[in-house]
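Take the two lone chains and join them into the complex the hints point to.
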Amino acid sequence: MDLFEYQGKQFFASYGIPMSPGEAASTVDAAVAAAERIGYPVVVKAQVQVGGRGKAGGIKLANDAAEVRTHAGNILGMDIKGHTVEIVWIELASDIAEEYYASFTLDRSAKKHLGLLSAQGGVEIEAVAETDPDAIAKIWIDPVDGLTEDAARAWVAAAKLNPAATAGTVDILRKLYTAYTEGDADLTEINPLILKPTGEVHALDAKVTLDGNSEFRHPDYAQYDATQVRDEREQAAHEKGLQYVGLDGYVGVIANGAGLAMSTVDIVNQVGGQPANFLDIGGGANADVMAGALEVITNDHNVRSIFINIFGGITKGDEVANGIITAMGRVEITVPIVIRLDGTNADEGRALLEPHLSNMLQLRPTMVEAAEAVVAAAGAGN
Amino acid sequence: MAIFVDDKTKVVYQGLTGSQGRFYGLLNRDYGTQVVAGTNPKKAGTDVDGIPVYATVAHAVEATGATASCIFIPAPGVKDAVMEAAEGGVKLIVAITEGVPAHDEAWFYNKLKRDFPDVQLLGPNCPGIISPGRANIGITAGHIAKAPVPGRPNVGIVSRSGTLTYQALYELKLNDIGVTTCVGIGGDPVPGTSFIDCLQAFEADPDTKAVMMIGEIGGSAEEEAAAFIADKMSKPVVSYIAGVTAPPGKKMGHAGAIVSGGKGTAAAKQEALQAAGVRIGQNPTEAGTLMVEVVGDL
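One line per chain: the protein sequences are A and B, in this order.
Take 0 as the starting number for the first sequence in numbering that gives the first Met the number 0 and just add one per residue.
Take 0 as the starting number for the second sequence in numbering that gives the first Met the number 0 and just add one per residue.
Same shape as in the complex, but just chain B (with noise of 0.2 Å):
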């Protein structure tokens, strides 16, 4: 098993006829993701390597029973692909997209919780989802993925970072230990996303026995994460932290990432999960090796 994505998910990709869908949503198929379409109001009835493409997501759904996209629009005009996602019919939206103003972010955010409330969206500025051997959609490279292994006990990842999100990939790899899914929420302000919305789905799901958290300071998803996990959760999480050392009023390169007015430290951070019965890492090497601790104790 597996959260989100699995092996019957069928993926139309919003900008596949672009540079960046196209390498990715060919790289995802190769994968194994079931890339069934892209869509193009100008290119509709032309194909992408033999990927047919379709004027809108709704008659790309109508044809191939999407039932997830996976936005690579430049910025501009992602609200409007959101929404054309959303109206079309798929449940999940994966939006990689970066550079997203945060206020389009916060009107499809709630857009979406009001009128299509069944209907999960992943980022925008997010590497995407893989639940690996059975898909990806997006950015990640697959092969630093280990698939589960049955009869082991395999880990589920949730983090905002990119390049982190696959060095706790290719740790985990390292020490031999599988991942059910590895999800990527992204560090903007207005995740579709949250770390709660995985840790309620890997707490849900049978296969998944422990959960690796991979934040960044600023903000307070990752508070909010430590009391969900006092509250909620059964299985144990391995955590680290990113940005101990940030200056306060510097966004570090993510438009989330920022310490303002002494709020979303690292510190206060790892305190709150510490105190939720979470281990800490301080380096996402030390992460990995307490997960190998962890799931040797299951």
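Here chain A stands alone, though its shape is the one from the complex (with noise of 0.2 Å):
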């Protein structure tokens, strides 16, 4: 789950991070009311999840009440690269000496928790990855272990900081790391980590991914999930259940498994047509699941066929033939079906579907043969 920077600034908060006082505000007097209450200079910040918001005129400096409210104005509403801004975030202006940049992710080929800090901040640390490597300290912490304070230090010393920011640094990466792990975050990162030309060091920008799989430790994580950005389809889904995700093309995708679904998405490709989605039903395949899958795919009106690619194993063919002649009844489809069952009693599924074939519904016996067909389906439905 991805937050919004008000999110993960109240994230950080509650670690202790330290910030600069702000207010999130969703309408032009709630945007002026929380500057009255910061004081002047604020920094109004469009909150959408998509770099390049400064370019693209999202973030503006006010000095009173007149400027925030033009401001705000302008901003709320902005689409930004597609994303429309509901949100803005107002801030008390930071003096900046030096701008750093500092994150935890996990680093799946070590197996450990990886840290970067770097004295070249306020930039895509990407860039500076590629154009001077030697510019980014990293850290490798055994989750084990975690971050001591002296390696902390020792890293600290690495990035080659003003000796200013050494301090405040080792205390925000500490706290940062207590954030990225007791928070159970994919992803805690500050850019830019901003020194003040008073000494302080504090924590500008807030970037956080956490793991879906650990709400039941953090129910609080349930308002991060309700403002996932998510296209209608794939809300209409996440409603459902099910694991979807949208493409730009126009043959549906259902598959058992998500391995078999990225494979599914792969074959429509390579035999010249476009996919509309991957959609994962995972092991069940019953009536309740497919009506519920059809019924997201049906709602997409790109979509001009659908491909049913189901491989029994535990779930047998015989059951999973019957969930889709039972959904196919409790689902409009105007679009042309293909369906690939193969498996544990596919044999047994491929009769019980026999006599609901036709031109709407077809069955190919391999998956490339099925891919052929409901690409061929989907050109004749235009």
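Simulated from the structure, these hints should not be mistaken for laboratory data.
Glycine included, C-beta positions come from ideal geometry on N, C-alpha and C.
Treat the hints with caution; some may be incorrect.
What the hints assert, rightly or not - Just a few of them, taken from the derived set where beta-carbon distance is under 7 Å, the chain A residues facing chain B:
no., residue
1, D28
2, D141
3, S213
4, V244
5, T297
6, A350
7, L352
If you want it as structure tokens, here you go:
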């Protein structure tokens, strides 16, 4: 789950990471009221989960209430790379002496946590990694040991920050690591981490991705789940508990298992079609799940044909076939469906489907043949 | 021969008294696996269809000589279950459960490496492991796997995906190729067992003559496997990588299946494997056909 900056800052604040005072606002009046409480000058920042908002005019300095009113009015509702701004973050403006970068993620290859720290902050870390890789100090942390104070000090020294920033940075890094581990984050990133002319270090931005699998021990994360940016189709699928990723094509895809679903998307592409989605219905494939999946797919008006690709393991082919037949009775379907059913009891399943077959419901023996048929059916339906 | 599990492996099921644990535990026993015990601290002294239930893995090991455990505990309890199994004395832990937090996985992976270096963890979020005709631990449908045929070249399978594992077993069965062992390492960010662990074991197993490796987008496990294959493997490897057309930044069902920052693409993985001499199928069926050719040349 990706957090907006304002959520990330509230998340960081709960772990004691120092920041300028700030508030989120969804209306111009609320933005002005927030600025009055905080004091001037303030920065008005568009809340979108996409980079480049500064260049798009989504970050403005305001010296008084009138300027807040103007900027908040312009920024709220603004479209930034397809994302509409619904919330602005109002924050006391900070004087900046130096800008750094700090983050924690999981290094899947090393199977340890990876901390990155650089004296070159405020720019994309990928760009720094490319042009000046030595400017990034890395630390691999064994999750069993955690980040000790000694290790944090050595790491900060390796990053060659301004010595005036050392103590403040060590403190923030240890808090950021705690937020990362105790908060079950996939990513905690501060860019920029700033040194003020007065010598304090604090976080000017917050980028946080949380692990959705950890919600059982963080019931408050439901609030973040509710603000996830999803397209309409993804939201509908999410509400039905289906694993769905929207794509740009016109062949709806339903498969059981993430690997098979990915493979099905691939094969539709390979035979010259364009998949409309990735949809994994998991192991069950009963009538309820199948009906839910068909509803999500048919609500996508770009879909011109549907590929149901099922491999029966423990789930038996005859049960899957009955699920499909029942689901088709419950969901109105106006586009052709092509089914490939294999594995356990596939013969029984195919026999059950046989009497229902037509141009609108076709059965093919292999994945490749089914993919070809479903792409052809999409063309014919045009 | 087989890798990791065979007909001598004695398995304790953590969560045998739950609906999933019971269902698959009994299916695995029907297959011929030595399902010797279950655990549940509240139901010690009872049994599940004749399989004795103990309070802890340690008790089960003491009473039955169990050498492996299979975990069907819900995600919040998996961290404790893994440590209980290691402390209880089993040498193989198969964690089927999906939805385990990545921080828990990273923690017990490193904890096991440090304190229990001889324990092999498989999963979490994996379909399990089957040595056809000998033992089946997990949720694989046993009958879609063809047992190894003496005197013929038999094949090992290692896969990050569940249903594609079944698909691979099925393709080989249709082509009348026997399988020594099929390992589903799972699709999570920190799998206990890697491709390399399995490739190494298959290379050392005299009955395995070739390996089918099913990968997917995300991470760099396939690239690391490619380096291992180039340096250390004499046996031929055929591979299929799912997610060639996956869009960046989207988790494709599995927590680990995501292309991020231009890394973890299927194309990069295919390229690395090809450079290591691996033959790549563009879909599971093509990979099966390639394996027929490979086995025919042996």
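**Prompt:** Can we keep the L352 of chain A interface hint, with Cβ of chain B closer than 7 Å?
**Reply:** violated, 19 Å
**Prompt:** Holds or violated: S213 of chain A as interface residue toward chain B, Cβ cutoff 7 Å?
**Reply:** Where the cut-off is 7 Å and the nearest Cβ of chain B is about 4 Å from S213 of chain A, the hint holds.
**Request:** Using 7 Å as the Cβ threshold, decide whether A350 of chain A counts as touching chain B.
**Result:** Violated, about 19 Å.
**T297 of chain A as chain B interface residue, shortest Cβ-Cβ below 7 Å** = violated, 21 Å
**Prompt:** Do the numbers back the hint for V244 of chain A, that is, is its least Cβ distance to chain B under 7 Å?
**Reply:** Result: holds, 5 Å to nearest chain B Cβ.
**Restraint outcome when D141 of chain A is required to lie within 7 Å of chain B by C-beta distance** = With a minimum Cβ separation of about 5 Å from chain B (threshold 7 Å), the hint on D141 of chain A holds.
**Request:** Report holds or violated for the interface hint on D28 of chain A, using the least CB-CB distance to chain B and a cut-off of 7 Å.
**Result:** Status violated, d = 35 Å.
Of the numbered hints given earlier, the model fails hints 1, 5, 6 and 7; all others are met.
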